Amino acid sequence: MRLDGRLDWHDPRGFVRAVVKRSNEGARFCGLFASPGAGGTRLLAVLSHAGQLLTEATLVPEGAGGFPALTPAVPAAAWYEREIRDLFGLEPYGHPRTDPLVLPLRPGSPAPRPGSAKPAAPAELDTSPLPAHVQGEGVFTLSYGPVRSGVFESVEYLIETPGERIPHLRARVFYKHRGMEARFAGLSLADGTLLAERYEGVASVAHAIAYCSALESAAGAQAPPAAELLRVLHAELERVANHLDSVLRHTEGAGQAVANARIAIHKERLQRLRADLSGSRFGRGVVVPGGVAGPPLQGGDAVLGALGRLEKGIRGDLDLLMATPSFVDRLRGAGVVPPELARERAAVGPVGRASAQGEDLRSDRPYAAYARLGRVDVQERGSGDALARQYVRADEIVDAFHLSRQALDELEALGPQPAGGWSVDLGPVTGEALGWAEAPQGELLYLVSAEDGRLVRVKPRSASFHNLALFMAAFPTDIFTDFVFIEASFGLSIAGVAG
Amino acid sequence: MPWVTRGLREGIVTTPYPRHPDGYGRSFKGHVVCEEKATGTEVAAAAAACPTGAIEVGAGGARLDRGRCVLCGRCCEVAPGSFHFQPGFETAALARPALVVPGREPDDGEVARAREQLRRRVKALRRSVYLRHVDAGSDGSEEWELAALMGPIYDINRLGIFFTASPRHADVLLVTGVGTSGMLVPLRLTYDAMPSPKVVIAVGTDAVSGGLTGGTYASGKGVAAAVPVDVFVPGSPPSPFGILYGILLAVGLVGQAPRGGEARPAGAEAMEGKGVAP
Ligand code: SF4
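In the order they appear, the protein sequences are chains R and W. When the letters of the first sequence are read in order and numbered with this note's numbering, they come out as residues 1 to 499. When the letters of the second sequence are read in order and numbered with this note's numbering, they come out as residues 1 to 278.
Just so you know, the hints here were simulated from the structure itself, not pulled from any lab data. The structure presented is a predicted model; accordingly, all values stated were derived computationally and were not measured. Where a beta carbon is used, it is the ideal one built from N, C-alpha and C, also for glycine. Keep in mind that a hint or two might mislead.
Claimed, not checked - DEER-style ranges, computed between Cβ atoms: (1) Pro110/R to Val57/W: 32 to 42 Å; (2) Ala165/W to Ala257/R: 15 to 25 Å; (3) Gly374/R to Ala44/W: 19 to 29 Å; (4) His84/W to Glu25/R: 56 to 66 Å; (5) Glu36/W to Arg309/R: 42 to 52 Å.
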């Protein structure tokens, strides 16, 4: 979707009214993004309604200290406004809670403003412990992280126990903030792909697709059919790998040793298959601006056979796992996200689909070859607990294999020298556009602007970022015993949250 | 008991590595070889095309820093006569300069010194080895590859190597990520809490040099700025085999592979003597 620096509102208050109106009319809030612009900072709100992306944009003039917050009327905007406060130094007036999210700058340190012409100086951080969110007698805070027990990405969870009431969870995600948005500025389009693959490394393929499709729409070009099929193949294998990782963490938490070992074997075999196809266990280097780098390194019956064996093994084990009472009982009722809450917070991906929020970009805003490939129905779930999320993933694994096989079949039918080739030349792109993909974690958005083939501003918005805010709200049950299942069932990547 | 019978279904899946070579490890794009005295316009173009500036063209020919390489393959496309992929995963090194190819004499001296110092330090580790991992700003993929080491295929427990939650029981610190400003203090605290002797492994190109993502207002150029690194494991991300080789190298269970070659499992006998259940 092309944007080209559009501005709809000169008055930020008009902007807020317009976004709130759209949200009240049923549009799902997808994000709020700031970019340095002529005369100030542009704010772009993105919403989705009936398969269409809607945008509203305004300018916060230079010298203004902030902008009226959307959060009081649109709660899903809460983390976006905190992120803008950290990275652009603009205060969201009226925001209920503005403690730092991705970058806790020392007072007086300038905000980095990613996308501005000159690179920001090293940031000075203030990482002192937060004041307790809930004040009062008998309040104590337990901290878990950022260095956690086991192999985990760094993040700190604070569990605040206000007396008799239900404990409250908060996350501090800034520890591994890498300043990735700033790193994109000035890169060539091809280098931008390599960086996008490393924004949220477990979803490299989805990130490369979303980034490249933004560039393709800015250039008014489309990847050739063979490239669109190969993108689907790699994206679906990536989805299976991520879903298996989520299952792996569940079985580990539940002490299901045999199931855990078997899922680990399946996941390793899948990673090897991905490397056989692309040279990379994470499908890196496959997607390039304008298409894909070239044909798969292996094809035909060998790959189909390997896919078939993998699917059979995975489905057999998942069916048995989901019929193992000692496992299922641990997940049932854990970390409930009621459908109303999921709607209010605009949940995406498997988390949304387990709470009756069915949107899936592969069918609702189809990209790559998804529009013409058949799907296996993923049954909508409404109970919103860890078990429902697990069922959604199990269904999605079946669907992903179905899609992969079709993509492979069609690729074979196109032959070794497909009409249209493997990529088109985008030329020196100038323009601004939004691209997207349904990552394993859910809706992934890329706001990309380029000038003469150089990146000016790239703002990735991962599903992990969007859903982690909801994770905090999913703890009406027992924080201490259910934590591992709730975390595993959200399946989020901290790299994708921290940026 | 359906799970029990299922557990037996696969037979032996565990790799024979390091006692015997593993064929899968040979199928990797392990690292990039840079020919001796590579010069010319193609080589200069390859250096310019490298996204991480890993190739330096000097008077005696180009040199490639594998510690900065993300294996994108561009140099091999632009100058196929001078750069090519070599399979294998034994790419870790005991000193930072050892990752720069072709090698230089003075660097070889430093490598030998580093190896000798490490050897003396890990002498005390002739027992089970405990690992502690800290993410200092990874992209998340390194954690998958580390976690795979605990699965049945790599099964590092069979080698007497275990992950531990407590830094106080850890011998080896595995650090992933570029070294973000936010993680410098937690990383250092974990290192300080470990007893001596201790060994630090930088896992992945990001941790070795900052790779493609480092060097912003919030991220460093590798974790050596925060903790003294003994073993450097390049790769973006490195494969589980690559990490395993780095760990074995760190604790002296294998010898350093010659640049670009295959390691000899020098410590295979030592491993058998470690009281590991067969
Ligand atoms: S393969 Fe490595 S050295 Fe060659 S261009 Fe890519 S990053 Fe640079």
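Hint by hint, here is what the structure shows:
Between Pro110/R and Val57/W the beta carbon distance is about 37 Å. The supplied range of 32 to 42 Å therefore holds. For Ala165/W paired with Ala257/R, a C-beta distance near 18 Å keeps the hint of 15 to 25 Å intact. For the pair Gly374/R and Ala44/W, the supplied restraint of 19 to 29 Å is violated, since their beta-carbon distance comes to about 50 Å. Take His84/W and Glu25/R: their Cβ atoms lie about 58 Å apart, and the range 56 to 66 Å holds.
At about 45 Å, the CB distance of Glu36/W to Arg309/R agrees with the hint of 42 to 52 Å.
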